[in-house]
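Let the sequences and hints guide you as you build the complete structure.
The lines below spell out each chain.
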Amino acid sequence: MIESDAFVQALQDIGVDFFTGVPDSILGGIIAELMERRLYTPAVREDEAVAMAAGAYMSGKVPAVLMQNSGLGTSLNILISLNVIYRQPCILIVSWRGYQGKDAPEHLVMGEVMTQFLDTMKIPHRTLSEKTAIEDLKWLAETFMQQRTPVALLITKGVVKGLHP
Amino acid sequence: MRPEQGTMQSRAMAMAALLELLTDQPVIICNGFPSREAYEIADRPTHFYMIGSMGVASAIGLGVALAKPKKQVVIFDGDGNVLMGMGTLATVGALKPKNFIHVVFDNEVYGSTGNQPTISNVVPLEKVAKAAGYVNVERVREREDLVYEFKDMLKKDGPSMLLVKVNELVEDVGRVMLDPPDITKRFMKAIE
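Chain order of the listed sequences is A and B.
Oh and the first sequence: position 44 is 44 in the working numbering, straight run, nothing missing.
Oh and the second sequence: position 108 is 1108 in the working numbering, straight run, nothing missing.
Since the hints were derived computationally from the structure, they do not count as laboratory data.
Note that this is a predicted model, so its numbers are computed, not measured.
Backbone N, C-alpha and C define an ideal beta-carbon position, used for all residues, glycine too.
Treat the hints with caution; some may be incorrect.
Examples of chain A residues toward chain B, derived with CB under 7 Å [claimed, not checked]:
id, residue
1, 45
2, 48
3, 51
4, 56
5, 84
6, 85
7, 87
8, 117
What follows is the structure, encoded as structure tokens:
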């Protein structure tokens, strides 16, 4: 299991310097670490977070938005009509609720269709694993810089240490 | 003229008065006619014109304000936009960026889609902002009040909201003739 502080440090090391989002339990440890480092600006909705990140990007920051995958639905219009149309990249750290059909009922549909949903929206994505974490982060940074679009790193339960491991 | 009696200004007139008082501040302008009118009145590289993404002009402005604390950031918003992204009033009120001036042109209608009524005739948005934690809020109708209050807000620590009651008149203006990626690049360079 990846420690939250190591994960946050790795994001900072690739240049991420603006963090916002809406919490999820899978992301709890990461958000606690970001708050500890005074790096996290909480948003009230995921689309608001994506828009704040866009403002930060235009001000020279490398932004990341943390969200549960349900927030991808909330953010859809902003991701398309702001980030894609205006070519504004954004790192999305998305918890994969409903992964392999094992979760509360409200997560099952999004959990099943999420990767197709991201493909349809032409958002490059990759699922974080402990073994490939270094390459995953490298891919994240390169895709952000080269493609100038939103790029998603998906995190399943138990890969990064949460608040209650 | 649907908004409260005595409202004589059009949004474009009010916007022109405010743009005269601005120089190189970043200005985020919401989607629909407000962006088109601002582009027609005074096109500046410090303007970020939105197409689409309704409801998040203030969130984009908040991102700029947080990342550029030394720059005073102005948002030109509408009542329909504020109602759609009302949660952002709370985020701004809680974070209290001092360099955040939120101008809301309130015509009580969705003017870009055929003047369907909003609900801002019964929901005073500046009071919602005040309750959410904005430091300065003012509601104005007349041009001289608008200019006076905006000049005052430029001198004060925010976050501030200036709600400007305007009529439904829309200027006969074309679309913003810039490609969105060019708007991004130009704005980024201008506020560097």
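Verification of the hints:
| no. | hint | verdict |
| --- | --- | --- |
| 1 | 45 | holds, 5 Å |
| 2 | 48 | holds, 4 Å |
| 3 | 51 | holds, 4 Å |
| 4 | 56 | holds, 4 Å |
| 5 | 84 | violated, 9 Å |
| 6 | 85 | holds, 5 Å |
| 7 | 87 | holds, 4 Å |
| 8 | 117 | violated, 19 Å |
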